[in-house]
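Undergrad: Residues per chain, in single letters:
There are 2 protein chains.
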Amino acid sequence: MGGKRRKFWGWGYEDAGPSTDYCEAAAALLAARLGCNASSPATAPRLEEIDLSPPGLSAPASLQALVSADPYERASHTYGKAYRDIVRCLRKDFSAAPDLVAFPRSEQDLIDIIDWLGSSGSAAIPYGGGSSVCGGVEARREAGRYAVSVDMRGLGRILEVDECSRAAKIEAGIYGPALEDGLRPLGLTLRHFPQSFEFSTLGGWIATRAGGHYATLYTHIDDFVESLRMITPSGVIETRRLPGSGAGPSPDRLLIGSEGCLGIITQAWMRLQRRPVFRNSVSVSFKDFYAATQAVRAIAQAALYPSNLRLLDAEEAMISGAGDGSAATLIVGFESFDHELDAWMDRALQCAADHGGTWAEGAGKTRKDQSAGREGAAGAWRQAFLQAPYLRDALLLRGFITDTFESAITWDRFPDFHREVISAVSSALETICGAGIVTCRFTHVYPDGPAPYFTVLAPAKPNSELEQWDEIKAAASQAVLAAGGTITHHHAVGRDHRPWYDQQRPELFARGLRALKRELDPGMIMNPGVLIDA
Amino acid sequence: MGGKRRKFWGWGYEDAGPSTDYCEAAAALLAARLGCNASSPATAPRLEEIDLSPPGLSAPASLQALVSADPYERASHTYGKAYRDIVRCLRKDFSAAPDLVAFPRSEQDLIDIIDWLGSSGSAAIPYGGGSSVCGGVEARREAGRYAVSVDMRGLGRILEVDECSRAAKIEAGIYGPALEDGLRPLGLTLRHFPQSFEFSTLGGWIATRAGGHYATLYTHIDDFVESLRMITPSGVIETRRLPGSGAGPSPDRLLIGSEGCLGIITQAWMRLQRRPVFRNSVSVSFKDFYAATQAVRAIAQAALYPSNLRLLDAEEAMISGAGDGSAATLIVGFESFDHELDAWMDRALQCAADHGGTWAEGAGKTRKDQSAGREGAAGAWRQAFLQAPYLRDALLLRGFITDTFESAITWDRFPDFHREVISAVSSALETICGAGIVTCRFTHVYPDGPAPYFTVLAPAKPNSELEQWDEIKAAASQAVLAAGGTITHHHAVGRDHRPWYDQQRPELFARGLRALKRELDPGMIMNPGVLIDA
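Protein chains in written order, with this note's numbering: chain A, 11 to 544; chain B, 11 to 544.
Because the hints were derived from the structure by calculation, they are not lab data.
Ideal placement from N, C-alpha and C gives every residue a C-beta, glycine not left out.
Check the hints yourself; a few may be wrong.
Label-pair restraints from in silico Cβ distances [stated by the list, open to error]:
(1) A544/A with S72/B: 40 to 46 Å
(2) P81/A with D426/B: 51 to 57 Å
(3) D512/B with G131/A: 29 to 35 Å
(4) E173/A with D512/B: 30 to 36 Å
DSSO-like cross-link-like pairs, simulated, lysine-lysine; straight-line CA separation at most 30 Å [claimed, not checked]:
(5) K102/A with K14/A
(6) K102/B with K14/B
(7) K14/A with K179/A
(8) K471/B with K102/B
(9) K375/B with K375/A
(10) K375/A with K378/B
(11) K375/B with K297/B
(12) K378/A with K375/B
(13) K375/A with K297/A
Using the sequences and the hints given, assemble the complete structure.
TA: Below is the structure:
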């Protein structure tokens, strides 16, 4: 972690993120837009103010060196980074703190830790970077049961690189930046850039089916997994490393997205990309959002596979600095290490023009350098993207609810879905908060439909933040499900999405998952409450 | 089936396939190449010669209209279309014949049939088009247990088309040609063309993870499944129709490839393509096969996504009429309904040239018509591809073993894999048959590795065909596994690949599958012996 220390209560490093002036200005703008006042920033909690109950269990002598009861570690591992997590931290509510935090340094350490927890009947809470926004790393214990957060950072090496097949065998506890630092000298990249990139791990991405930064084609980490290895309470599962297979249901696909409830992923062979040299990116404006969505559909169905195809509605474009609020903005980007991209971009821009899109004259030429794509509207959006979690916390401290939720839906149902979700959430915000905005962007796009991502901004009522959030979340989730969407396209299920996930998944599939869990985790110690009830 | 009647003992329609003269000529050429003599063609069995034991069970009155004990139906549903299946038919060995054949005409019919079989403890053998080459539709009964083949052809409608999202809800029993006939008037296509296309069904493709005719990107039917519906003995599973999701492990991916051992797929929402207008196809020659594989790797890793990227080694190119035996042939093809393809082809040909590939001057220009790609070497290969199963039977009747097996392997291991598999199988053929050829092509290609497909041709010893085949199959499968490949990239596991599939899959995954089967099929009636033992 390079000497920098992470906050135990919020996003990222202490002393990092946007400047205080920037945060104040953002809060003032938002307050003006919402017709309310920003509050003076709440004080971040100090560790010595936190009241942690004593650990209920202690490690056997042989594991003492791997386990910590340090208050900073216990507090840091209590929650993920959802709005409701930060609010509880500010309230100094760490009642969910794990009894201990384990730091395995090898697979054998992890096996020993899981054996110990199994024999003591305690819950193991797998912990990658802790960036969950859906209650994925929070221990919710039954009475009398202890919980140990299992932090995988000690298994963080790139073990082997196969440049010929463009793949690498990588330990699951590696953080995004370390992974990319290790591959960069070879001219390779995993190119998986979730918003949590700095503070999330390969194992976490795979366990949660994380969405990356390819807008089309390779949308989820799923597609990059060549094989993986998982430690379960019943033993090790290692799948065969293959570029493709048709031998029975895919074992990888059953473990990808299992969110720590079957076992802990320790390593994976991952498919890599050559680092891009050619880039071509254009920001296209549309007066009408629905016309813009038709352009996106045309591009997504033309088999051009842009790396970027992000559509921001007018308000979201303005908030992220990529527009003036009068038009929706579509950022179309292609990249390649291999070839010029003008033919690809020319066709994509024709699709955009067919639906009323306009762009700066002369745009759309391939550039062969590293900086292309990092300027203009695209660059502003990228900067906002990476700073967003810090800014979320800064706004939260100043009395705003800021949250996001996301889904996916086929094109035929998208217009109704969009209207119904926006309407349900707007009306919930009006009722619950007295004001609020909901904006929409597309983070990922498929030939058969988009993955819409919604941002909610509203004034919080002091001391009712959690209740407000719960009501908004329920309204949003209910609307998403009723309109035919998925409860999550890439944020995962965790514990917070469970009620709607349970509605969404076929009941017989749920029974199948439970049967599988009984087989792999007969003591029901792995991440209880996530996906499956104990 | 349009008045034409299918053979009960071999591939396709009676009186279809290549002419007798063509088959004689092919047999003579092959005999010359192998240094043996073709035998005079064996006589196809006649139905009245077949001795079927009386059905052990009969349907309840309410289901009588759905069930047949007709000898033609029972004989036709006894086997798939593997080499060893045809040989047993020629020997008039129909001891594996199902007691009855059921023809549900609706989902309720199917539910009633499964309930009846569950209550009588009989095996249900799901049957699509019966094109399995790995024992997927053959009842292997324990003593005293009866078996009913469940033929899904009665559920063969396209139920709904969503042109906006390019998807259709289709019943699982539809055959390839009927499916394409239904979509063609709308300008749409599923574009899934396995070699069995004429005699296989959507449900069969999904249940077996069939490989289609896209050489890259959309290699398996898996990628086209938006959602599906399955009847299991425990009830119905229907997954939510979505373009993408990250909500827990994918339910679809658990059912895709389940080969009828959990339930029977009754319908699916499938992703479609617009029918192509622009085509660009070039045949490239390489003096050296391994140099050709490097060209394929370069193209597969350049993110160009050709629809065709089929590499035939020199001997296979000659046999299929796409070469003179002196050079490997790579067929590179792009197609689109949307845009010209010269930029794509230009770059692919540069990659080919980098590795010594040569092609006809002037080739590589996009053509806007329906016939492009159906002439020259590409056209010859396509014709051979569609006629191959008929020709296989014709050669079999004339005393030749002809079979295929296929796998996938990462690029770094491919040269060793190829050498070891060719060497093991060649030496098995020499020992077992006294002569033989093994050729290799790539049917599908991934950025991280190819899917090599091997064809075996050898003289059979009369009355020892099955023993010979078993030995060759074991040698090939053992070599594939030992060299790191998958036992099947797209032919499925069935009963014939079980010993190697059991080695390949992680043991804990096998335990998980068994637990799942106990949940969905507690009476263990669904396709016993496939993937999981009863």
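Undergrad: Could you run down the list of hints and mark each one as holding or not?
TA: Going down the list of hints, with the structure as the test:
1. Checked against the hint of 40 to 46 Å, the C-beta distance between A544/A and S72/B comes to roughly 43 Å, which is consistent with it.
2. Taking the beta carbon of each, P81/A and D426/B are about 54 Å apart, inside 51 to 57 Å as hinted.
3. The beta-carbon spacing between D512/B and G131/A, approximately 34 Å, falls within the hinted interval of 29 to 35 Å.
4. A beta carbon spacing of about 33 Å between E173/A and D512/B agrees with the range 30 to 36 Å that was offered as a hint.
5. With a C-alpha separation of about 23 Å, the suggested pair K102/A and K14/A falls inside the 30 Å cut-off, and the hint holds.
6. Proposed proximity of K102/B and K14/B is supported: the alpha carbons are some 23 Å apart, at most 30 Å.
7. A distance of roughly 28 Å separates the Cα atoms of K14/A and K179/A; the hinted pair therefore holds under the 30 Å criterion.
8. For the proposed pair K471/B and K102/B, the alpha carbon gap of about 18 Å is at most 30 Å, so the pair holds.
9. Taken as a hint, the K375/B and K375/A pair is honoured in the structure, with Cα atoms around 23 Å apart against an allowance of 30 Å.
10. For the given pair, K375/A sits about 27 Å from K378/B by alpha-carbon distance, which is consistent with the 30 Å threshold.
11. The straight-line distance between the Cα atoms of K375/B and K297/B is roughly 24 Å, inside the 30 Å bound, and the hint therefore holds.
12. As the CA atoms of K378/A and K375/B are separated by approximately 27 Å, the hinted pair is consistent with the 30 Å bound.
13. Our distance criterion of 30 Å between C-alpha atoms is met by K375/A and K297/A, whose separation comes to about 24 Å.
Violated hints: none; the structure is consistent with every hint.
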